[in-house]
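Protein chains in written order, with this note's numbering: chain A, 7 to 276; chain B, 64 to 346; chain C, 637 to 960.
Calculated from the structure, these hints are not laboratory results. All values derive from a computational prediction rather than experimental measurement. Incorrect hints may have been included.
[To be verified] Straight-line distance between alpha carbons at most 30 Å, and here's what the computed DSBU-like set of lysine-lysine pairs gives:
id	chain 1	residue 1	chain 2	residue 2
1	B	229	A	31
2	A	32	B	229
3	A	133	B	229
4	C	654	B	78
5	A	73	B	229
6	A	73	A	32
7	C	827	A	261
8	A	117	B	78
9	A	133	A	182
10	A	182	A	154
11	A	207	A	180
12	A	154	A	206
13	A	33	B	78
14	A	261	A	180
15	A	182	A	207
16	A	182	A	206
17	B	78	A	73
18	A	182	A	73
19	A	36	C	827
20	A	261	A	206
21	B	78	A	182
22	A	247	A	261
23	C	810	C	827
24	A	32	B	78
25	A	36	B	227
26	B	229	A	180
27	B	227	A	31
28	B	227	A	33
29	A	154	A	207
30	A	247	C	827
The residues making up each chain are set out below.
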Amino acid sequence: MSDPLLRLVGLHTHFQTKGSGLFGKKKVIKAVNGVSFDIAPGEVLSLVGESGCGKSTVGRTLTHLEKATSGQAFFEGNDFLALTPSEFRPLRRDIQMIFQDPFASLNPRLKIEQTLAEPLFIHGLCKTWDEARVQIAATLELVGLDPKVMARHPHEFSGGQRQRIGIARVMILKPKLVIADEAVSALDVSIQAQVLNLIKKLQRDSGVSMLFISHDLGVVRHISDRVAVMFEGQIVEIGDKTQIFEAPQHEYTRKLLGSIPRISLGREVA
Amino acid sequence: MNIINFLRNAFAGRKLATVGFIWLCFILLAAIFAPLIAPFDPLEIDPVGRLAEPGLPNLFGTDHFGRDTFSRAIYGARMTVIIGVGSVVVALVCGGLIGMLSAYFTRLGHFLMRGVDVLMAFPALLMALVLITLLERSVFNTILVIGIVYATTTARILYGMTLKLKGEVFVDAAVCSGAGHSSILFRHILPNLVSPLLVQASFIFAFAQLQAAALDFLGLGLPPEVPSWGNMLSEERIYVTRAPWLLIYPGLLIVLSVFSMNLVGDALRDSIDPRFKDDIAGV
Amino acid sequence: MALLEVENLHIAVGSGGKLLPVVQGVSFCVDENETLGIVGESGCGKSLTSLAIMGLLGDSTVRITGGSIRFDGMDLLTLSAPERRAIMGNRMAMIFQEPMTSLNPVYRIGDQIAESIRQHQQISRSAARDRAVELLTLVRIPNPSERVDSFPHQMSGGQRQRVMIAMALSCDPKLLIADEPTTALDVTVQKEVLELMADLQDRMGTAIVLISHDLGVIAETCDKVAVMYRGKIAEAAATADLFAELAHPYTRGLLNSIPVVDRDVEWLEAIPGRVPTLEETLTGCAFHPRCALATDFCASRAPETSQFKPNHSVQCHFAGGSTT
Numbered sequence: 007m008s009d010p011l012l013r014l015v016g017l018h019t020h021f022q023t024k025g026s027g028l029f030g031k032k033k034v035i036k037a038v039n040g041v042s043f044d045i046a047p048g049e050v051l052s053l054v055g056e057s058g059c060g061k062s063t064v065g066r067t068l069t070h071l072e073k074a075t076s077g078q079a080f081f082e083g084n085d086f087l088a089l090t091p092s093e094f095r096p097l098r099r100d101i102q103m104i105f106q107d108p109f110a111s112l113n114p115r116l117k118i119e120q121t122l123a124e125p126l127f128i129h130g131l132c133k134t135w136d137e138a139r140v141q142i143a144a145t146l147e148l149v150g151l152d153p154k155v156m157a158r159h160p161h162e163f164s165g166g167q168r169q170r171i172g173i174a175r176v177m178i179l180k181p182k183l184v185i186a187d188e189a190v191s192a193l194d195v196s197i198q199a200q201v202l203n204l205i206k207k208l209q210r211d212s213g214v215s216m217l218f219i220s221h222d223l224g225v226v227r228h229i230s231d232r233v234a235v236m237f238e239g240q241i242v243e244i245g246d247k248t249q250i251f252e253a254p255q256h257e258y259t260r261k262l263l264g265s266i267p268r269i270s271l272g273r274e275v276a
Numbered sequence: 064m065n066i067i068n069f070l071r072n073a074f075a076g077r078k079l080a081t082v083g084f085i086w087l088c089f090i091l092l093a094a095i096f097a098p099l100i101a102p103f104d105p106l107e108i109d110p111v112g113r114l115a116e117p118g119l120p121n122l123f124g125t126d127h128f129g130r131d132t133f134s135r136a137i138y139g140a141r142m143t144v145i146i147g148v149g150s151v152v153v154a155l156v157c158g159g160l161i162g163m164l165s166a167y168f169t170r171l172g173h174f175l176m177r178g179v180d181v182l183m184a185f186p187a188l189l190m191a192l193v194l195i196t197l198l199e200r201s202v203f204n205t206i207l208v209i210g211i212v213y214a215t216t217t218a219r220i221l222y223g224m225t226l227k228l229k230g231e232v233f234v235d236a237a238v239c240s241g242a243g244h245s246s247i248l249f250r251h252i253l254p255n256l257v258s259p260l261l262v263q264a265s266f267i268f269a270f271a272q273l274q275a276a277a278l279d280f281l282g283l284g285l286p287p288e289v290p291s292w293g294n295m296l297s298e299e300r301i302y303v304t305r306a307p308w309l310l311i312y313p314g315l316l317i318v319l320s321v322f323s324m325n326l327v328g329d330a331l332r333d334s335i336d337p338r339f340k341d342d343i344a345g346v
Numbered sequence: 637m638a639l640l641e642v643e644n645l646h647i648a649v650g651s652g653g654k655l656l657p658v659v660q661g662v663s664f665c666v667d668e669n670e671t672l673g674i675v676g677e678s679g680c681g682k683s684l685t686s687l688a689i690m691g692l693l694g695d696s697t698v699r700i701t702g703g704s705i706r707f708d709g710m711d712l713l714t715l716s717a718p719e720r721r722a723i724m725g726n727r728m729a730m731i732f733q734e735p736m737t738s739l740n741p742v743y744r745i746g747d748q749i750a751e752s753i754r755q756h757q758q759i760s761r762s763a764a765r766d767r768a769v770e771l772l773t774l775v776r777i778p779n780p781s782e783r784v785d786s787f788p789h790q791m792s793g794g795q796r797q798r799v800m801i802a803m804a805l806s807c808d809p810k811l812l813i814a815d816e817p818t819t820a821l822d823v824t825v826q827k828e829v830l831e832l833m834a835d836l837q838d839r840m841g842t843a844i845v846l847i848s849h850d851l852g853v854i855a856e857t858c859d860k861v862a863v864m865y866r867g868k869i870a871e872a873a874a875t876a877d878l879f880a881e882l883a884h885p886y887t888r889g890l891l892n893s894i895p896v897v898d899r900d901v902e903w904l905e906a907i908p909g910r911v912p913t914l915e916e917t918l919t920g921c922a923f924h925p926r927c928a929l930a931t932d933f934c935a936s937r938a939p940e941t942s943q944f945k946p947n948h949s950v951q952c953h954f955a956g957g958s959t960t
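The shape of chain A in the complex, shown without the other chains (with noise of 0.2 Å):
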C-alpha cells in the first residue's frame, strides 16, 4: 500500500468545563482519547457511532476548529496539528469540511457565487470575478444545480440544494482530503439518496480521499472502503467495510448492528 496521505496518531482532544457551584472543581471531557488512523489517497474512511463518542470532535480537531490535547496528524508526511493558524491557512485548501446543517453552513446574507468565490479568492485560485464565476458556473453543474442560482441567497434553496451548495463550496478548491461531518443527516431520505450518490460520484471522479463521520451505518456502509468504529473516544474496531459489517470482531460493533430496525421484504425490491 502507498503511503498514507493522512496519517493520525494517538490523538486526544479534551475539553474543560465549568465546574458546578461556584468553586466546583473544572471537570476534563476526554472527547477523544488517543485515536490513530490512516487513510490513503482516494480512500473512503468512515468514523461511526453514537452521539457523544467523540467522532465529530475527531474531524474539527483536524480542521483546527478545536485544538487538539495531543497527538500528531500527519498530512503527506508533515505534522500540522502543531500549526499556528496562519501556517495552517495554506492547507486548508487541500483539508476540506463538509458540515451537517445544510440550513445554518451558509451564510444568509452573502450571496451563492459570493458563498463559493470567497475560498477562491482567499486561495489565489483566481485573481478576477470574470475567471470566479466560469469555476463556480463548472462546480455548480458539477454538484447538479443550475449555473444561474449563483446570484441567489441561500433562503431561496431547499435543503438538499444548499447541502448541494455547501459540497460545491469543498470541491471548487479541488482539496485531497474531505471530510464529511453528518453531511447526509439532517435530509430527508429520498434527497439523502441523492446527495450521497452524489458524493460517492464525485469522490470516484475526483479520487479525493475522505473521512466520512456518520452515526448511519447504512449510510457509512453505502460511501466507505473502511470503518472505524468509535465508542467513548477511542475506536474499538477498525477495518474493511466487509469485515465490520459481516463478521464483526467487536461486542459493541455487534451491538450496533444489531439495533439498527430492518425491513422484511415479502419479494426483492426492484
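Since chain A is already given, all that's left is putting chains B and C on it; use the hints.
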C-alpha cells in the same frame, strides 16, 4: 432583504407605529429645510414683541427675547436630528467595535467587557453629567458624551449577538475556507448584525433626545444660544404661568418625537431575526 | 367501531390571506392494542395530523378545514375546551420528539409525573409520588425511588424519553400518540425505547399512533402502516401486506432510497426532484413530477383511493406497476 421591503413588513398592521414613522419623517424634513420653512431668524431678538401669544405672524408666539418660537422649534428639529444621529454613530461605532471584538477575541473581551460593566454601573444621566462637567458646552461634546453613555449598552448587546453568531456553522465553514479574522468579522458576522443594529439605533436615538433635553434643562448641554427644544424649555421655564405656550410646544415636540421613535423601534424589533429579539431589551 | 377514527381530515395553513392545504383528506383508524405507523418525509403533514388529533393546533394560522376525528365514539372536533382537557393527558396522551424541551427543567421529574396524575385523578400527593415511582419502574429507569428526585438535566436522552413515556402512561391512556419518539436518540437507545413501548402495549392494550420518517422503525414496530406524501395517504395496509407488495411508486422509491446495512448497493435508486413546496400548486397526482411511471393522465387527474388488495389501499393510477 432590501430596506423598503423590510420597512413594509415592519409596519404592516401597526397603525400607531406608522403614524410615528410619518411624524419622524416630518421632523427630518423640518430639520433639512429649516431655513426655508422657518418664517423668522431663530436668533433675531425683538424687544417690542416679547412674550406674544400664539397667532399671526408668530404661530407659536414669542419668547422673552421676542424670538419666534415656531422658527426656534423648526431649528430645534435640526438640533434633534444632529444630536440623535451623532450620538447613534458614536454609540454604534464605539460600542459596536468593543462588543464585536470582545466577543471574537475572548481574551481581549474579558478585559474590555469588565470595563464596560464598570461604566454601566453608573446611571446614564449621572455618567453624562460627570463627563460633561469635564468638557466645554458644545454640540460636539454633547454628542460625544451621550454617544459614550450609550456605547456601553450597545457593546453589551453586540457582545452577546456576536458570541451567538460566532458559534454558527457558517462561521466554521468560512474558517475552513481559510478566511482570516477581518473577513470573518466584517464579511460574515457584521452583515448579520445590520438589522439588530438598526433597531438598537432607533432606541438610542430616542433616549439621546431625552438625555440631551435633560442636559440642556440642567444648563449643561448645548450652549444657551443654540435653538434646541431642551434649551427652549430651560430658558422659558420661569414664564410657565405667564406664557405657558413657550413650554407646551417644545415639550410636546420632545414627547411626541421620543414616543414615535420608541414605537418605530418596537416595530423594527418585532420584525428582525428572532434569534436576537431577547438581546435588545431597550437601552 | 375502532377506538380512533379519522375521516377525510383536511388541514390548511393560512398565509397572506389565502389558505394552503397541508393535509388533504386523510382517513385512518386505530383499534385497541394496535399500532399504526404514519411514515413520510418532512412536510407531508404527518405531524400536523397528530397535533390535530390531540387538539394542539392552537395556532390561528393552522386550521382544520374539514373531516372528523372520532375517539371512543366522541367527535373530538365538536367538544368544548374543558371537555377536551378532560380527555387529553388522561385517555389520550402524546410523546414528542425532543424529550429535553418537553420536560420542565426546574422541577424534579417525580413532581412532574405526580402533577400530571393529580390533574386527572383525585389522589394524595404521597400516593401520586408512589405512583410516579411505580411508573419509573415500569419504564425501566434504574433505581426509580432515587431517580424520582432527579432533575431532567441529570438524565440521559434515552432516560428522559422514558420519563416522557412514563408521564404519558400515568393515567392509563387508551391512545398514545408518539411523534418521532426516537428520532433524537441513538440506535441502541432507540431499540430499547421501541421495545419498551411494544412491551407496555402488550400489558395495557394501549392503541399507539407512531409517527416517523424512518421506514425501518415503522416496519419493525407497527401493525399497520400509512405512507403519507404531500398531505395525502399514498398507501396504507397491514405492515406485512405492505412490504409483501409495495403498490405505490413513492413507497418503492422511499424504500430504494434507504441505504441498507445488510448488503452492498453500488448506487442508490433515489427519487428524483424534491417534494413540492406548499406554494407550488399541482394538478393531478402530487407525486407525478417525480414518478417514473407518470403519464399525461397522472398530471391531469388526481387518483382516488382504490383497493389494491383486500385491506391494502393505494392512491395511484398504476398501483403495483414496476418502476423498472
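Do the hints match the structure? See the list:
1. B:229 / A:31: Distance of about 27 Å is within 30 Å: holds.
2. A:32 / B:229: holds (24 Å)
3. A:133 / B:229: holds (29 Å)
4. C:654 / B:78: OK: residue 654 of chain C and residue 78 of chain B at ~23 Å, within 30 Å.
5. A:73 / B:229: Judged against 30 Å, a Cα distance of about 16 Å means the pair holds.
6. A:73 / A:32: Holds - the C-alpha atoms of residue 32 of chain A and residue 73 of chain A are around 18 Å apart, at most 30 Å.
7. C:827 / A:261: holds (10 Å)
8. A:117 / B:78: violated (34 Å)
9. A:133 / A:182: holds (22 Å)
10. A:182 / A:154: holds (28 Å)
11. A:207 / A:180: Holds, at about 14 Å.
12. A:154 / A:206: holds (25 Å)
13. A:33 / B:78: It is violated: about 55 Å lies between the C-alpha atoms, which goes past 30 Å.
14. A:261 / A:180: Cα-Cα ~38 Å, so violated.
15. A:182 / A:207: holds (15 Å)
16. A:182 / A:206: Between residue 182 of chain A and residue 206 of chain A the Cα gap is close to 15 Å, so the pair holds against 30 Å.
17. B:78 / A:73: Not OK: residue 78 of chain B and residue 73 of chain A at ~53 Å, beyond 30 Å, violated.
18. A:182 / A:73: Judged against 30 Å, a Cα distance of about 22 Å means the pair holds.
19. A:36 / C:827: holds (27 Å)
20. A:261 / A:206: The given pair, whose Cα atoms are some 27 Å apart, holds under the 30 Å limit.
21. B:78 / A:182: violated (58 Å)
22. A:247 / A:261: holds (17 Å)
23. C:810 / C:827: holds (23 Å)
24. A:32 / B:78: violated (54 Å)
25. A:36 / B:227: Holds: residue 36 of chain A and residue 227 of chain B sit about 25 Å apart, inside 30 Å.
26. B:229 / A:180: holds (27 Å)
27. B:227 / A:31: Roughly 26 Å separates the two Cα atoms, so the pair holds.
28. B:227 / A:33: holds (24 Å)
29. A:154 / A:207: holds (23 Å)
30. A:247 / C:827: With a Cα-Cα distance of about 23 Å, the restraint between residue 247 of chain A and residue 827 of chain C holds, given a limit of 30 Å.
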